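Student: Whenever a hint applies, use it, and build me the whole structure from the sequences.
Quick note: the sequence shown uses the UniProt record's numbering, first residue 1, plus one each step.
In case anyone wonders, no lab produced these hints; they're calculated from the structure. Being a predicted model, the structure only gives us computed values, none of them experimental. All C-beta atoms, glycine included, are put in the ideal place defined by N, C-alpha and C. Check the hints yourself; a few may be wrong.
Taking lysine to any residue and the SDA-like style, the derived pairs with C-alpha atoms no more than 25 Å apart in a straight line are [said to hold, decoys possible]:
#1 Lys314 to Asp72
#2 Lys22 to Gln35
#3 Lys265 to Asn241
#4 Lys147 to Glu173
#5 Lys208 to Gln251
#6 Lys147 to Asn49
#7 Lys147 to Glu74
#8 Lys300 to Asn6
#9 Lys314 to Ala269
#10 Lys3 to Ser292
#11 Lys208 to Gly280
#12 Lys265 to Pro194
#13 Lys147 to Ser131
#14 Lys22 to Pro123
#15 Lys51 to Glu74
#16 Lys300 to Leu75
Pair by pair, the computed Cβ-Cβ distance ranges are [unchecked claim]:
#17 Thr41 to Phe16: 27 to 35 Å
#18 Asp225 to Glu44: 47 to 55 Å
#19 Asn59 to Tyr174: 16 to 24 Å
#20 Val37 to Ala69: 20 to 28 Å
#21 Glu226 to Ser176: 27 to 35 Å
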Amino acid sequence: MIKRVNPEFLAGLESFTDFDFKVEQLEAMREGMAQAVQPLTSTETVDINNKTITGIDDNEIRVRIYKPAHQDQELPVLLWIHGGGYILGSIEDNDHLCVQVVETANCVVVSVDYRLAPEYPYPAPLEDCYSALAWIADNALELQIDKNRIGVAGASAGGGLTAGLTLLARDREYPSICFQMPLYPMINDSNDTPSANEITEGMIWNQKTNDFGWKCYLAELHGHDEVPIYAAPARAEDYRNLPYTYTCVGQLDPFRDETITYVSKLAQAGVDVEFHLYPGAYHGFESLNPQSELARNVIKEYVNAIKVGFDRVKANADQVEEVK
1 MIKRVNPEFL AGLESFTDFD FKVEQLEAMR EGMAQAVQPL TSTETVDINN KTITGIDDNE
61 IRVRIYKPAH QDQELPVLLW IHGGGYILGS IEDNDHLCVQ VVETANCVVV SVDYRLAPEY
121 PYPAPLEDCY SALAWIADNA LELQIDKNRI GVAGASAGGG LTAGLTLLAR DREYPSICFQ
181 MPLYPMINDS NDTPSANEIT EGMIWNQKTN DFGWKCYLAE LHGHDEVPIY AAPARAEDYR
241 NLPYTYTCVG QLDPFRDETI TYVSKLAQAG VDVEFHLYPG AYHGFESLNP QSELARNVIK
301 EYVNAIKVGF DRVKANADQV EEVK
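Tutor: If you want it as C-alpha coordinates, here you go:
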(Lines of atoms letter the chains of each structure in order from A and count residues from 1; the text may use other names and numbers.)
(Lines give C-alpha, C1' and ligand atoms only; values in the text may rest on other atoms or scores of the structure.)
Protein backbone atom coordinates (compact mmCIF):
# COMPACT_ATOMS: atom_id res chain seq x y z
CA MET A 1 0.00 0.00 0.00
CA ILE A 2 2.82 2.42 0.85
CA LYS A 3 4.05 2.15 -2.76
CA ARG A 4 0.81 3.72 -3.95
CA VAL A 5 1.19 6.82 -1.78
CA ASN A 6 2.04 10.03 -3.60
CA PRO A 7 5.70 10.83 -2.70
CA GLU A 8 4.63 14.33 -1.65
CA PHE A 9 2.55 12.78 1.14
CA LEU A 10 5.06 10.28 2.53
CA ALA A 11 6.46 12.66 5.15
CA GLY A 12 3.08 13.13 6.83
CA LEU A 13 2.41 9.40 6.78
CA GLU A 14 5.79 8.49 8.24
CA SER A 15 5.42 11.03 11.06
CA PHE A 16 2.11 9.52 12.15
CA THR A 17 2.13 6.67 14.66
CA ASP A 18 -0.50 3.97 14.13
CA PHE A 19 -2.33 2.99 17.31
CA ASP A 20 -5.30 1.11 18.70
CA PHE A 21 -8.00 3.31 20.17
CA LYS A 22 -9.24 2.55 23.66
CA VAL A 23 -11.96 4.53 25.41
CA GLU A 24 -9.91 4.96 28.56
CA GLN A 25 -7.11 6.59 26.54
CA LEU A 26 -9.24 9.19 24.77
CA GLU A 27 -9.04 11.93 27.39
CA ALA A 28 -5.23 11.78 27.45
CA MET A 29 -5.16 11.83 23.65
CA ARG A 30 -7.41 14.88 23.57
CA GLU A 31 -5.22 16.69 26.08
CA GLY A 32 -2.10 15.83 24.10
CA MET A 33 -3.66 17.09 20.86
CA ALA A 34 -4.80 20.30 22.55
CA GLN A 35 -1.30 20.98 23.87
CA ALA A 36 0.14 20.49 20.39
CA VAL A 37 -2.14 23.19 18.94
CA GLN A 38 -1.16 26.83 19.22
CA PRO A 39 -4.38 28.82 18.83
CA LEU A 40 -4.22 31.93 16.71
CA THR A 41 -5.13 35.34 18.02
CA SER A 42 -6.54 38.02 15.76
CA THR A 43 -4.39 38.83 12.73
CA GLU A 44 -4.04 42.04 10.72
CA THR A 45 -6.79 40.87 8.39
CA VAL A 46 -9.02 38.70 10.60
CA ASP A 47 -10.57 39.24 14.04
CA ILE A 48 -10.96 36.05 16.13
CA ASN A 49 -13.29 35.85 19.11
CA ASN A 50 -14.84 33.08 21.22
CA LYS A 51 -18.44 33.09 22.38
CA THR A 52 -20.56 30.67 24.40
CA ILE A 53 -24.06 29.79 23.22
CA THR A 54 -26.72 27.47 24.67
CA GLY A 55 -27.48 24.05 23.21
CA ILE A 56 -30.63 21.93 23.09
CA ASP A 57 -29.79 20.30 26.45
CA ASP A 58 -29.12 23.70 28.06
CA ASN A 59 -25.46 22.80 27.61
CA GLU A 60 -22.80 25.38 26.87
CA ILE A 61 -21.33 25.34 23.36
CA ARG A 62 -18.24 27.31 22.52
CA VAL A 63 -18.10 28.88 19.08
CA ARG A 64 -15.10 30.62 17.53
CA ILE A 65 -15.89 33.53 15.23
CA TYR A 66 -13.55 34.70 12.47
CA LYS A 67 -14.48 38.00 10.83
CA PRO A 68 -12.68 40.34 8.45
CA ALA A 69 -11.02 43.14 10.37
CA HIS A 70 -12.98 46.37 10.00
CA GLN A 71 -15.95 44.56 8.46
CA ASP A 72 -18.30 47.22 7.08
CA GLN A 73 -20.84 45.22 5.09
CA GLU A 74 -23.12 42.21 5.33
CA LEU A 75 -21.23 39.04 4.34
CA PRO A 76 -21.95 35.34 3.78
CA VAL A 77 -21.12 32.99 6.66
CA LEU A 78 -19.63 29.50 6.86
CA LEU A 79 -20.20 27.15 9.79
CA TRP A 80 -17.02 25.07 10.12
CA ILE A 81 -17.18 21.66 11.88
CA HIS A 82 -13.87 20.09 12.92
CA GLY A 83 -13.01 16.43 12.36
CA GLY A 84 -11.68 13.73 14.66
CA GLY A 85 -13.73 10.56 14.15
CA TYR A 86 -16.53 11.97 16.36
CA ILE A 87 -14.22 11.29 19.34
CA LEU A 88 -11.34 13.79 19.02
CA GLY A 89 -10.65 17.33 17.90
CA SER A 90 -11.36 20.84 19.12
CA ILE A 91 -12.42 24.26 17.98
CA GLU A 92 -8.86 25.55 17.57
CA ASP A 93 -7.68 22.75 15.26
CA ASN A 94 -8.40 24.61 12.03
CA ASP A 95 -7.54 28.21 12.91
CA HIS A 96 -5.25 28.72 9.91
CA LEU A 97 -7.76 27.23 7.48
CA CYS A 98 -10.61 29.33 8.86
CA VAL A 99 -8.51 32.49 8.52
CA GLN A 100 -7.68 31.52 4.93
CA VAL A 101 -11.39 31.05 4.19
CA VAL A 102 -12.21 34.51 5.57
CA GLU A 103 -9.48 36.11 3.50
CA THR A 104 -10.24 34.25 0.26
CA ALA A 105 -14.03 34.03 0.31
CA ASN A 106 -14.60 37.39 2.04
CA CYS A 107 -16.98 35.85 4.55
CA VAL A 108 -17.47 35.24 8.24
CA VAL A 109 -16.57 31.80 9.65
CA VAL A 110 -18.07 30.33 12.82
CA SER A 111 -16.42 27.16 14.16
CA VAL A 112 -18.36 25.01 16.62
CA ASP A 113 -16.91 23.06 19.56
CA TYR A 114 -19.48 20.25 19.64
CA ARG A 115 -19.57 17.58 22.35
CA LEU A 116 -17.61 14.40 21.64
CA ALA A 117 -18.44 10.70 21.79
CA PRO A 118 -18.49 8.31 23.54
CA GLU A 119 -19.36 10.56 26.50
CA TYR A 120 -21.92 12.28 24.27
CA PRO A 121 -23.06 9.96 21.47
CA TYR A 122 -25.48 10.80 18.68
CA PRO A 123 -27.52 13.00 18.58
CA ALA A 124 -25.61 15.31 20.96
CA PRO A 125 -22.75 16.28 18.57
CA LEU A 126 -25.16 16.89 15.68
CA GLU A 127 -27.61 18.85 17.83
CA ASP A 128 -24.73 21.06 19.01
CA CYS A 129 -23.93 21.78 15.37
CA TYR A 130 -27.59 22.50 14.67
CA SER A 131 -27.71 24.86 17.67
CA ALA A 132 -24.74 26.74 16.25
CA LEU A 133 -26.34 26.88 12.81
CA ALA A 134 -29.64 28.20 14.20
CA TRP A 135 -27.77 30.70 16.39
CA ILE A 136 -26.02 32.05 13.30
CA ALA A 137 -29.31 32.55 11.47
CA ASP A 138 -31.03 34.00 14.53
CA ASN A 139 -28.22 36.52 15.08
CA ALA A 140 -27.61 37.59 11.51
CA LEU A 141 -27.82 41.28 12.37
CA GLU A 142 -25.28 41.05 15.20
CA LEU A 143 -22.88 38.98 13.07
CA GLN A 144 -23.35 41.24 10.02
CA ILE A 145 -24.10 38.24 7.86
CA ASP A 146 -26.50 37.50 5.03
CA LYS A 147 -28.73 34.68 6.31
CA ASN A 148 -29.55 33.78 2.72
CA ARG A 149 -25.92 32.81 2.26
CA ILE A 150 -25.13 30.31 5.00
CA GLY A 151 -22.73 27.48 4.18
CA VAL A 152 -21.62 24.45 6.18
CA ALA A 153 -18.29 22.64 5.86
CA GLY A 154 -16.05 20.16 7.64
CA ALA A 155 -13.65 17.29 7.05
CA SER A 156 -13.87 13.60 8.01
CA ALA A 157 -16.26 13.37 10.98
CA GLY A 158 -16.79 17.09 10.44
CA GLY A 159 -17.79 16.17 6.90
CA GLY A 160 -20.20 13.56 8.25
CA LEU A 161 -21.73 16.13 10.58
CA THR A 162 -21.92 18.57 7.66
CA ALA A 163 -23.85 16.07 5.54
CA GLY A 164 -26.10 15.10 8.46
CA LEU A 165 -26.71 18.72 9.44
CA THR A 166 -27.65 19.68 5.89
CA LEU A 167 -30.25 16.90 5.80
CA LEU A 168 -31.52 17.93 9.24
CA ALA A 169 -31.85 21.61 8.35
CA ARG A 170 -33.66 20.68 5.15
CA ASP A 171 -36.17 18.51 7.01
CA ARG A 172 -36.65 21.00 9.87
CA GLU A 173 -37.02 23.71 7.24
CA TYR A 174 -34.62 26.03 9.09
CA PRO A 175 -32.16 27.53 8.55
CA SER A 176 -31.72 27.60 4.78
CA ILE A 177 -28.26 26.36 3.71
CA CYS A 178 -26.96 27.50 0.33
CA PHE A 179 -23.75 25.46 0.15
CA GLN A 180 -22.20 22.42 1.80
CA MET A 181 -18.66 21.08 1.74
CA PRO A 182 -18.37 17.65 3.41
CA LEU A 183 -14.71 16.81 2.72
CA TYR A 184 -13.92 13.05 2.68
CA PRO A 185 -16.94 12.61 4.96
CA MET A 186 -17.49 9.87 7.55
CA ILE A 187 -21.05 8.94 6.56
CA ASN A 188 -21.33 5.13 6.27
CA ASP A 189 -21.65 3.25 9.56
CA SER A 190 -21.66 -0.15 7.81
CA ASN A 191 -17.89 0.26 7.23
CA ASP A 192 -18.00 -2.48 4.58
CA THR A 193 -17.27 -0.80 1.25
CA PRO A 194 -14.45 -2.07 -1.01
CA SER A 195 -12.25 0.87 0.04
CA ALA A 196 -12.91 0.20 3.74
CA ASN A 197 -11.97 -3.45 3.22
CA GLU A 198 -8.89 -2.30 1.30
CA ILE A 199 -7.63 0.15 3.96
CA THR A 200 -7.65 -2.11 7.01
CA GLU A 201 -4.64 -0.73 8.90
CA GLY A 202 -2.32 2.26 8.98
CA MET A 203 -2.95 5.11 6.51
CA ILE A 204 -3.96 7.56 9.30
CA TRP A 205 -7.56 6.27 9.38
CA ASN A 206 -8.65 2.77 8.44
CA GLN A 207 -11.41 0.20 8.81
CA LYS A 208 -10.40 -0.67 12.37
CA THR A 209 -10.24 2.89 13.69
CA ASN A 210 -13.38 3.74 11.75
CA ASP A 211 -15.29 0.95 13.48
CA PHE A 212 -14.18 2.29 16.87
CA GLY A 213 -15.34 5.80 15.97
CA TRP A 214 -18.76 4.59 14.84
CA LYS A 215 -19.23 2.43 17.96
CA CYS A 216 -18.52 5.48 20.12
CA TYR A 217 -20.77 7.80 18.12
CA LEU A 218 -23.75 5.49 17.70
CA ALA A 219 -23.56 3.71 21.09
CA GLU A 220 -26.50 1.29 21.34
CA LEU A 221 -27.55 2.11 17.76
CA HIS A 222 -24.36 0.64 16.35
CA GLY A 223 -24.96 -2.45 14.24
CA HIS A 224 -28.71 -1.91 14.01
CA ASP A 225 -30.87 -1.12 10.99
CA GLU A 226 -32.66 1.83 12.55
CA VAL A 227 -29.66 4.20 12.50
CA PRO A 228 -31.05 7.64 11.53
CA ILE A 229 -29.99 9.22 8.25
CA TYR A 230 -28.80 12.28 10.18
CA ALA A 231 -26.28 10.10 12.03
CA ALA A 232 -25.16 8.17 8.94
CA PRO A 233 -26.12 10.19 5.83
CA ALA A 234 -25.13 7.33 3.50
CA ARG A 235 -28.36 5.66 4.67
CA ALA A 236 -30.53 8.44 3.23
CA GLU A 237 -32.69 7.65 0.22
CA ASP A 238 -33.90 11.16 -0.58
CA TYR A 239 -31.20 13.70 -1.41
CA ARG A 240 -33.49 16.14 -3.18
CA ASN A 241 -33.49 19.83 -2.29
CA LEU A 242 -29.98 19.80 -0.88
CA PRO A 243 -27.64 22.69 -1.66
CA TYR A 244 -24.75 22.98 -4.08
CA THR A 245 -22.06 20.58 -2.84
CA TYR A 246 -18.28 20.37 -3.11
CA THR A 247 -16.37 17.36 -1.85
CA CYS A 248 -13.14 15.47 -2.35
CA VAL A 249 -11.47 12.27 -1.16
CA GLY A 250 -8.16 10.46 -1.56
CA GLN A 251 -8.00 7.20 -3.48
CA LEU A 252 -6.32 5.54 -0.47
CA ASP A 253 -8.96 6.74 1.98
CA PRO A 254 -11.36 4.16 3.50
CA PHE A 255 -14.11 6.72 2.78
CA ARG A 256 -13.38 6.70 -0.97
CA ASP A 257 -16.32 4.54 -2.04
CA GLU A 258 -18.92 5.95 0.32
CA THR A 259 -18.00 9.43 -0.90
CA ILE A 260 -18.27 8.38 -4.56
CA THR A 261 -21.67 6.78 -3.87
CA TYR A 262 -22.82 9.88 -2.01
CA VAL A 263 -21.77 12.14 -4.88
CA SER A 264 -23.59 9.92 -7.38
CA LYS A 265 -26.79 9.98 -5.34
CA LEU A 266 -26.63 13.76 -5.00
CA ALA A 267 -26.19 14.16 -8.76
CA GLN A 268 -29.04 11.73 -9.46
CA ALA A 269 -31.26 13.78 -7.15
CA GLY A 270 -30.58 16.91 -9.18
CA VAL A 271 -28.10 18.47 -6.74
CA ASP A 272 -25.24 20.42 -8.32
CA VAL A 273 -22.02 18.83 -7.09
CA GLU A 274 -18.30 19.17 -7.72
CA PHE A 275 -16.10 16.23 -6.78
CA HIS A 276 -12.33 15.53 -6.80
CA LEU A 277 -10.65 12.15 -6.35
CA TYR A 278 -6.94 12.40 -5.56
CA PRO A 279 -4.70 9.43 -6.48
CA GLY A 280 -1.99 8.49 -3.99
CA ALA A 281 -3.76 10.34 -1.20
CA TYR A 282 -4.75 8.87 2.17
CA HIS A 283 -7.14 10.20 4.81
CA GLY A 284 -6.41 13.79 5.83
CA PHE A 285 -3.48 13.96 3.42
CA GLU A 286 -3.60 17.73 2.90
CA SER A 287 -3.65 18.64 6.61
CA LEU A 288 -0.65 16.39 7.36
CA ASN A 289 1.40 17.71 4.44
CA PRO A 290 0.49 21.41 4.33
CA GLN A 291 3.81 22.43 2.79
CA SER A 292 3.61 20.11 -0.21
CA GLU A 293 2.70 21.75 -3.49
CA LEU A 294 -0.21 19.41 -4.18
CA ALA A 295 -1.68 19.85 -0.69
CA ARG A 296 -1.48 23.63 -1.03
CA ASN A 297 -3.32 23.37 -4.35
CA VAL A 298 -5.96 21.07 -2.87
CA ILE A 299 -6.62 23.45 0.02
CA LYS A 300 -6.73 26.37 -2.40
CA GLU A 301 -9.29 24.49 -4.49
CA TYR A 302 -11.74 23.84 -1.73
CA VAL A 303 -11.30 27.26 -0.14
CA ASN A 304 -12.10 28.74 -3.55
CA ALA A 305 -15.10 26.40 -3.78
CA ILE A 306 -16.56 28.15 -0.73
CA LYS A 307 -16.30 31.47 -2.54
CA VAL A 308 -17.94 29.94 -5.61
CA GLY A 309 -20.74 28.51 -3.46
CA PHE A 310 -21.54 31.92 -2.02
CA ASP A 311 -21.12 33.73 -5.35
CA ARG A 312 -23.64 31.37 -6.99
CA VAL A 313 -26.34 32.53 -4.59
CA LYS A 314 -25.58 36.19 -5.20
CA ALA A 315 -25.53 35.67 -8.97
CA ASN A 316 -28.90 33.91 -8.86
CA ALA A 317 -30.35 36.66 -6.70
CA ASP A 318 -29.06 39.32 -9.11
CA GLN A 319 -30.65 37.48 -12.05
CA VAL A 320 -34.00 37.36 -10.27
CA GLU A 321 -33.76 41.09 -9.55
CA GLU A 322 -33.02 41.81 -13.22
CA VAL A 323 -36.08 39.84 -14.29
CA LYS A 324 -38.22 41.93 -11.93
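Student: Each hint: holds or not?
Tutor: Hints and how they fare:
For the hint linking lysine 314 to aspartate 72, the alpha-carbon distance of about 18 Å falls within 25 Å, and the restraint holds. Among the hinted pairs, lysine 22 with glutamine 35 is consistent with the structure: their alpha-carbon atoms are about 20 Å apart, no more than 25 Å. With a CA separation close to 12 Å, the supplied pair lysine 265 and asparagine 241 stays within the 25 Å bound. Pair hint lysine 147 plus glutamate 173 holds up; C-alpha atoms about 14 Å apart against a cutoff of 25 Å.
The suggested pairing of lysine 208 with glutamine 251 holds, with an alpha-carbon distance near 18 Å, which does not exceed 25 Å. Our distance criterion of 25 Å between C-alpha atoms is met by lysine 147 and asparagine 49, whose separation comes to about 20 Å. Among the hinted pairs, lysine 147 with glutamate 74 is consistent with the structure: their alpha-carbon atoms are about 9 Å apart, no more than 25 Å. In summary, the hint linking lysine 300 to asparagine 6 is supported, as the alpha carbons are separated by about 19 Å, within the 25 Å threshold.
For the given pair, lysine 314 sits about 23 Å from alanine 269 by alpha-carbon distance, which is consistent with the 25 Å threshold. The straight-line distance between the Cα atoms of lysine 3 and serine 292 is roughly 18 Å, inside the 25 Å bound, and the hint therefore holds. Under the criterion of a C-alpha separation no larger than 25 Å, the hint pairing lysine 208 with glycine 280 is consistent with the structure, at around 21 Å. The hinted pair formed by lysine 265 and proline 194 meets the criterion: a straight-line CA distance of about 18 Å does not exceed 25 Å.
Of the pairs offered as hints, the one joining lysine 147 and serine 131 holds, with about 15 Å between alpha carbons and a cut-off of 25 Å not exceeded. Only pairs whose Cα atoms come within 25 Å are accepted, and lysine 22 paired with proline 123 is accepted, the gap being roughly 22 Å. Between the alpha carbons of lysine 51 and glutamate 74 the distance comes to roughly 20 Å, so the proposed pair stays at or under 25 Å and holds. At roughly 20 Å between alpha-carbon atoms, lysine 300 and leucine 75 fall within 25 Å of each other, so this suggested pair holds.
With their beta carbons about 28 Å apart, threonine 41 and phenylalanine 16 fall inside the hinted range of 27 to 35 Å. About 53 Å separates the C-beta atoms of aspartate 225 and glutamate 44, a value consistent with the hinted range of 47 to 55 Å. Distance hint for asparagine 59 and tyrosine 174: a CB-CB separation of about 20 Å, consistent with the stated range 16 to 24 Å. Distance hint check: the CB atoms of valine 37 and alanine 69 are about 23 Å apart, consistent with the given range 20 to 28 Å.
Checked against the hint of 27 to 35 Å, the pair glutamate 226 and serine 176 passes, with Cβ atoms roughly 29 Å apart.
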